[in-house]
Each structure stands twice: as structure tokens, then as C-alpha cells.
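Order-wise, the sequence lines are chains W and S.
Going by the working numbering, the first sequence opens with residue 1, and the numbers climb by one from there.
Going by the working numbering, the second sequence opens with residue 182, and the numbers climb by one from there.
Keep in mind that the hints were calculated from the coordinates and are not lab data.
What you are looking at is a predicted structure, and each value in this text was computed from that prediction instead of being measured.
The beta carbon of each residue, even a glycine, is placed where N, CA and C say it ideally should be.
Worth double-checking, as some hints may not be accurate.
[What the hints assert, rightly or not] Pairwise CB distance ranges, derived in the manner of DEER restraints:
| # | chain 1 | residue 1 | chain 2 | residue 2 | range |
| --- | --- | --- | --- | --- | --- |
| 1 | S | Ser-243 | W | Leu-104 | 48 to 54 Å |
| 2 | W | Ala-150 | S | Arg-214 | 38 to 44 Å |
| 3 | S | Lys-215 | W | Gly-64 | 21 to 27 Å |
| 4 | W | Ala-150 | S | Val-226 | 44 to 50 Å |
| 5 | W | Asp-30 | S | Ser-243 | 28 to 34 Å |
[Stated by the list, open to error] When the alpha-carbon atoms are kept at most 35 Å apart in a straight line, the in silico DSBU-like pairs for lysine-lysine are as follows:
| # | chain 1 | residue 1 | chain 2 | residue 2 |
| --- | --- | --- | --- | --- |
| 6 | W | Lys-18 | W | Lys-67 |
| 7 | S | Lys-201 | W | Lys-51 |
| 8 | W | Lys-113 | S | Lys-203 |
| 9 | S | Lys-215 | W | Lys-57 |
| 10 | W | Lys-63 | S | Lys-215 |
[What the hints assert, rightly or not] Chain W residues, not near chain S, derived (Cβ > 10 Å throughout):
| # | residue |
| --- | --- |
| 11 | Gln-12 |
| 12 | Lys-79 |
| 13 | Lys-125 |
| 14 | Thr-143 |
| 15 | Ala-149 |
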Amino acid sequence: MLNDVTWETGKQNMGGLKDSIYVTEADNIDLTTPLVIDSDGKTITGDIVLKSATKFKKMYFTKGTGKLDFNVVGERDGKSFENMAEYNVPGAEPANLATVDSMLNGAFVAIVKDGTNFYVLGLSKDEEGNVTIDFPVYTESVTGSTGAAAADKRGMTIVLKSEAPHSPLIYTGDIDLDDAA
Amino acid sequence: MMKPRKKIELNKELIEAGFKVKGNPVSSKFISRKFGNIDFRTMKVKQAESLIIRDFPYLSKSSKKELKE
Numbered sequence: 001m002l003n004d005v006t007w008e009t010g011k012q013n014m015g016g017l018k019d020s021i022y023v024t025e026a027d028n029i030d031l032t033t034p035l036v037i038d039s040d041g042k043t044i045t046g047d048i049v050l051k052s053a054t055k056f057k058k059m060y061f062t063k064g065t066g067k068l069d070f071n072v073v074g075e076r077d078g079k080s081f082e083n084m085a086e087y088n089v090p091g092a093e094p095a096n097l098a099t100v101d102s103m104l105n106g107a108f109v110a111i112v113k114d115g116t117n118f119y120v121l122g123l124s125k126d127e128e129g130n131v132t133i134d135f136p137v138y139t140e141s142v143t144g145s146t147g148a149a150a151a152d153k154r155g156m157t158i159v160l161k162s163e164a165p166h167s168p169l170i171y172t173g174d175i176d177l178d179d180a181a
Numbered sequence: 182m183m184k185p186r187k188k189i190e191l192n193k194e195l196i197e198a199g200f201k202v203k204g205n206p207v208s209s210k211f212i213s214r215k216f217g218n219i220d221f222r223t224m225k226v227k228q229a230e231s232l233i234i235r236d237f238p239y240l241s242k243s244s245k246k247e248l249k250e
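Chain W on its own, in the form it takes in the complex (with noise of 0.2 Å):
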């Protein structure tokens, strides 16, 4: 779809990432009531619809480390996306740790916000149009350190990644946080 670019003057456009990170397993997405993508090809409408005693787990970040980066990959007429979520979760809390530990070999749906839109990493368009987990998240990188000094950073950064044929779809449904039947 190839569209005129427009941008609006005075409309707000500032950086980073902001809420937290919602992430899910692949596997918990219940797209037997298929997804519809809007007309411009980008959004999602509907709810992402979560199997029954599954849900969302929100994930903390430092604000200001939180970033979306989407980058073209590939050659000449075999081009595609790496879209990638980077944060930072501070300290080392046991239950934290236990996440990432879950997380290393996995397949993932993650929602990230920024100051406009939610972006749904992991969900994928077709050529038909159709919403498919064809190409979920997975842990790109962990780099965790307790620091030397005082003044160095005690955390982990995580990079989450997924590859896509397109950019970052933008997700306008709810995010579902109840693990209820």
C-alpha cells in the first residue's frame, strides 16, 4: 500500500517506550476468532483473545531504556524486518530472574506502548491479509550485571525480537490481565 507521507504540524512525537511490556506465550493467543487488520493495512482491530487460564504478564522497565527499534534486513528483493524491543528491568529480583530464565527458549506475543500507539511484536499480516503467529518473539539477548561500582547499573537488559515481512503491526484492542477460566 503505498500512501502519500503526510505529517501534521504540532502533533506530539516524543521518543521512548512508556507503561510496561506485556508479553504471553505464543501458544496462549486463541486466534479462532481471526483478527482483522483495518483498511490501512497497519492496525489491528478486535481484542487479542487469550485462551482460557492465560493472560498477559506485565513486565516493568526503567523509563527512559525502553525502545522499539524496527530495522530492514536482507538483500535485494528478499528484504524483511527485525523489530526489537529493548528495556531495562533493574536489580535482580529472584522472580525476575526466574522470568528471563523462562523466557530463553520460547516463543512469545509481546505488546509494547509508546507515546501514540501499542505495538504487537510476534503477530504477523499475511499476503491475504489474515493476523497469524507465523513469526512470535523470542529472546534476542540478556545482558545482566550487579555492576562494579556504586554508581553502575544493577539489572538486565533484554532485547526481544521477532521477524516479520512488515514493520510492527499497532494494536488498538485491550490487553487481557486476568488468568480466569
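With chain W's structure known, arrange chain S on it following the hints.
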């Protein structure tokens, strides 16, 4: 036909005040881009009334007359 989602639980205080869940919310606790943090289990009457005024799609309130009937 829309597939039923998770069971929605509205707290007793809201039920007694005449509130009902309508539509098909994703669950009892969720984040809405427009309305923020929603938790039907812990929501207070004041928040519920405020949401209805702002056209929240998942709550309705019966009138006092309807409640008496």
C-alpha cells in the same frame, strides 16, 4: 456467532448498585488504550459511573425504577 470469552466477574457492590456488564470484554481485568486499567472485581461505583459517562462500552446501569421492579 461471536465466541464466548472468559467468565466475567463483576463485584457485589456494583451489582447491588445496578451495574451490569454488557458486550464482550476480553476478561474481568484488562488494560484499555482509552479507559486505562479496568478490573471488574475491584472497581468502585464512582469509577463505574465515570466510565459510563465516558462511553465505556462494557458497562450499563439500571435506573432506580428498574432496580425496584
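> Can the suggested window of 21 to 27 Å be confirmed for the beta-carbon pair S:Lys-215 and W:Gly-64?
Replying inline: At 26 Å between Cβs, range holds.
> Does the Cβ-Cβ separation between S:Ser-243 and W:Leu-104 fall within 48 to 54 Å?
Replying inline: 51 Å, holds
>> Can you confirm whether the C-alpha distance between W:Lys-113 and S:Lys-203 stays at or below 35 Å?
In response: 27 Å, holds
> Is the gap between the beta carbons of W:Ala-150 and S:Arg-214 within 38 to 44 Å?
Replying inline: 40 Å, holds
>> So if I understand the rule, the pair passes when the alpha-carbon distance is 35 Å or less; does W:Lys-18 with W:Lys-67 pass?
In response: Status holds; Cα separation ~9 Å.
>> Range first: 28 to 34 Å. Now tell me if the beta carbons of W:Asp-30 and S:Ser-243 are that far apart.
In response: Check passed, 32 Å falls within 28 to 34 Å.
>> Checking one constraint from the list: CA of S:Lys-215 to CA of W:Lys-57, max 35 Å. Satisfied?
In response: This hinted pair holds, its Cα atoms lying about 20 Å apart.
> Does the claim that W:Gln-12 lies outside the interface with chain S hold up, using a Cβ gap greater than 10 Å?
Replying inline: 16 Å, holds
>> Check the hint pairing W:Lys-63 with S:Lys-215 against an upper bound of 35 Å on the C-alpha distance.
In response: 21 Å, holds
>> For W:Ala-149, is the shortest CB-to-CB distance to chain S above 10 Å, so the non-interface label stands?
In response: It holds; W:Ala-149 is separated from chain S by about 38 Å at its closest Cβ, greater than 10 Å.
>> Minimum C-beta separation from W:Lys-79 to chain S exceeding 10 Å: can you confirm that?
In response: 31 Å, holds
> Minimum Cβ separation between W:Lys-125 and chain S greater than 10 Å?
Replying inline: The claim holds: W:Lys-125 sits with its nearest Cβ about 20 Å from chain S, beyond 10 Å.
Of the numbered hints stated above, none is contradicted by the structure.
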